[in-house]
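Read off the chains here:
Number of protein chains: 2
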Amino acid sequence: MTDHDDSRAKVTELVKDAKICMFTTMTADGRHVSRPMGLQEVEFDGDLWFFAFEDSPKVAEIRQHPQVNVSFQAGNKAWVSVSGTATTVHDRAKAEQLWTPLLKGWFPDGIDTPGLTLIKVNAESAEYWESAHGKVVTLIAYAKSALTKSPPDVGENREVDLT
Amino acid sequence: MTDHDDSRAKVTELVKDAKICMFTTMTADGRHVSRPMGLQEVEFDGDLWFFAFEDSPKVAEIRQHPQVNVSFQAGNKAWVSVSGTATTVHDRAKAEQLWTPLLKGWFPDGIDTPGLTLIKVNAESAEYWESAHGKVVTLIAYAKSALTKSPPDVGENREVDLT
Numbered sequence: 001m002t003d004h005d006d007s008r009a010k011v012t013e014l015v016k017d018a019k020i021c022m023f024t025t026m027t028a029d030g031r032h033v034s035r036p037m038g039l040q041e042v043e044f045d046g047d048l049w050f051f052a053f054e055d056s057p058k059v060a061e062i063r064q065h066p067q068v069n070v071s072f073q074a075g076n077k078a079w080v081s082v083s084g085t086a087t088t089v090h091d092r093a094k095a096e097q098l099w100t101p102l103l104k105g106w107f108p109d110g111i112d113t114p115g116l117t118l119i120k121v122n123a124e125s126a127e128y129w130e131s132a133h134g135k136v137v138t139l140i141a142y143a144k145s146a147l148t149k150s151p152p153d154v155g156e157n158r159e160v161d162l163t
Numbered sequence: 001m002t003d004h005d006d007s008r009a010k011v012t013e014l015v016k017d018a019k020i021c022m023f024t025t026m027t028a029d030g031r032h033v034s035r036p037m038g039l040q041e042v043e044f045d046g047d048l049w050f051f052a053f054e055d056s057p058k059v060a061e062i063r064q065h066p067q068v069n070v071s072f073q074a075g076n077k078a079w080v081s082v083s084g085t086a087t088t089v090h091d092r093a094k095a096e097q098l099w100t101p102l103l104k105g106w107f108p109d110g111i112d113t114p115g116l117t118l119i120k121v122n123a124e125s126a127e128y129w130e131s132a133h134g135k136v137v138t139l140i141a142y143a144k145s146a147l148t149k150s151p152p153d154v155g156e157n158r159e160v161d162l163t
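Protein sequence lines, in the order shown, are assigned to chains A and B.
Numbered per our numbering, the first sequence spans residues 1 to 163.
Numbered per our numbering, the second sequence spans residues 1 to 163.
Some hints could be false.
Unchecked claim - Pairwise CB distance ranges (calculated):
#1 28(A) <-> 77(B): 44 to 54 angstroms
#2 29(A) <-> 101(B): 11 to 21 angstroms
#3 113(A) <-> 101(B): 19 to 29 angstroms
#4 16(B) <-> 75(A): 11 to 21 angstroms
#5 30(A) <-> 47(B): 18 to 28 angstroms
#6 63(A) <-> 66(B): 21 to 31 angstroms
#7 16(B) <-> 102(A): 43 to 53 angstroms
#8 101(B) <-> 75(A): 39 to 49 angstroms
#9 108(B) <-> 96(A): 52 to 62 angstroms
#10 97(A) <-> 113(B): 45 to 55 angstroms
#11 108(A) <-> 96(B): 47 to 57 angstroms
#12 54(A) <-> 93(B): 43 to 53 angstroms
Unchecked claim - Where chain B lies over chain A, by a calculated footprint (3+ residues, C-beta under 8 angstroms):
#13 20 to 27
#14 30 to 36
#15 39 to 48
#16 60 to 71
#17 120 to 131
Hints are computed from structural coordinates only; laboratory data are not their basis.
We put the beta carbon where it would ideally sit given N, CA and C, even for glycine.
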């Protein structure tokens with residue numbers, strides 16, 4: 001396995017541990033708003049996927065400001081931040097792959113629920129912190145094309161330039 | 001106690017449970033980035049307070065885009081999102097009130113650490129969700145001037161207009 005595969009496997013493991021994330025978008029009037037959303041159970045390949053309603057505020061928000069943040073806590077001692085670009089996708093095969101019975105609470109008719117859409121977040125950068133000895137330190141920073149292993153830096157996490 | 005006091009007390013309780021939040025800012029190139037930060041241990045009065053370094057990326061980011069989001073998970077079944085405006089504040093008495101020994105890992109000289117600043121997030125809206133019966137539902141939405149009790153709505157949390 002390459003470092004890049006290791007990094008993807010780590011994000012997959014953290015996503016599976018967390019189950020629920022906070023999904024942050026920008027409103028038309030420039031506020032940052034978050035709401036809890038279920039995290040996918042499939043392997044992370046650089047994209048995160050969510051189910052939503054076409055007419056929901058978050059879908060309107062990502063159409064106006066596609067840049068979003070997905071953050072979550074995995075267990076009591078790990079935090080992940082993913083910055084990326086969100087788009088809506090209509091892909092029945094993908095919806096079938098991602099569907100889990102737990103989603104039935106939100107979408108009673110499954111993937112045939114009227115107004116259902118997928119949101120794809122194409123991750124441009126991801127960072128991962130772990131708490132150790134009472135401090136939170138940056139452990140890895142992931143980019144689609146390269147893995148950056150940051151040394152622990154208690155002051156501020158390192159930004160990864162992906163352009 | 002009024003509903004408003006109840007709501008503040010609830011946010012104080014959740015902040016104390018969580019200890020660490022994700023603090024989301026916007027970068028100069030328009031990405032949303034989050035990083036874990038320690039939550040205050042004092043009572044919530046409508047503002048959230050953080051310690052930071054004057055020369056850190058997050059301080060540069062809030063000076064350019066003061067709108068931020070603070071989100072956190074309290075225990076395994078509650079999530080909070082606070083939208084607000086961030087400013088830096090230099091106030092020694094406030095720093096003394098907020099200081100906890102845990103912060104020494106980041107700021108070795110305590111509140112006399114060179115370059116230390118406080119970040120104040122003036123909460124414009126806050127929302128709180130709890131997981132029940134396998135679903136995540138909005139329980140309360142808090143606004144500085146009024147409390148809105150939203151009915152559980154599994155589709156999308158309700159936006160609170162505070163203007």
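Verification of the supplied hints:
Between residue 28(A) and residue 77(B) the beta carbons are some 31 angstroms apart, a value that contradicts the proposed interval 44 to 54 angstroms. Taken as a hint, the range 11 to 21 angstroms is violated for the pair residue 29(A) and residue 101(B), whose Cβ atoms sit roughly 40 angstroms apart. For the pair residue 113(A) and residue 101(B), the supplied restraint of 19 to 29 angstroms is violated, since their beta-carbon distance comes to about 51 angstroms. For the pair residue 16(B) and residue 75(A), the beta carbons lie near 20 angstroms from each other, so the given range of 11 to 21 angstroms is met.
Separation of residue 30(A) from residue 47(B) is about 20 angstroms and conforms to the stated range, judged on CB atoms against 18 to 28 angstroms. The given range of 21 to 31 angstroms is respected by residue 63(A) and residue 66(B), whose C-beta atoms sit roughly 24 angstroms from each other. Distance hint for residue 16(B) and residue 102(A): a CB-CB separation of about 30 angstroms, inconsistent with the stated range 43 to 53 angstroms. Checked against the hint of 39 to 49 angstroms, the pair residue 101(B) and residue 75(A) fails, with Cβ atoms roughly 24 angstroms apart.
For the pair residue 108(B) and residue 96(A), the supplied restraint of 52 to 62 angstroms holds, since their beta-carbon distance comes to about 54 angstroms. Evaluation of the 45 to 55 angstroms hint for residue 97(A) and residue 113(B) yields a pass: the beta carbon distance comes to about 50 angstroms. Our hint of 47 to 57 angstroms for residue 108(A) and residue 96(B) holds, since their Cβ atoms are close to 54 angstroms apart. In this structure, residue 54(A) and residue 93(B) meet the distance hint of 43 to 53 angstroms, their C-beta atoms being roughly 51 angstroms apart.
Evaluation of the coverage hint for the segment 20 to 27 of chain A: fulfilled, as 5 residues show C-beta separations to chain B shorter than 8 angstroms, against a requirement of three. With 7 residues having a Cβ less than 8 angstroms from any Cβ of chain B, the segment 30 to 36 of chain A passes the three-residue criterion, so the hint holds. With 0 residues carrying a beta carbon less than 8 angstroms from a beta carbon of chain B, the segment 39 to 48 of chain A misses the three-residue requirement, and the given coverage is violated. Coverage of the segment 60 to 71 of chain A by chain B holds [criterion: at least 3 residues with CB-CB distance below 8 angstroms; count 4].
With a cut-off of 8 angstroms between beta carbons, the segment 120 to 131 of chain A has 5 residues touching chain B; three or more are needed, and the interface restraint holds.
Going down the numbered hints, you'll see the structure goes against 1, 2, 3, 7, 8 and 15, while the others check out.
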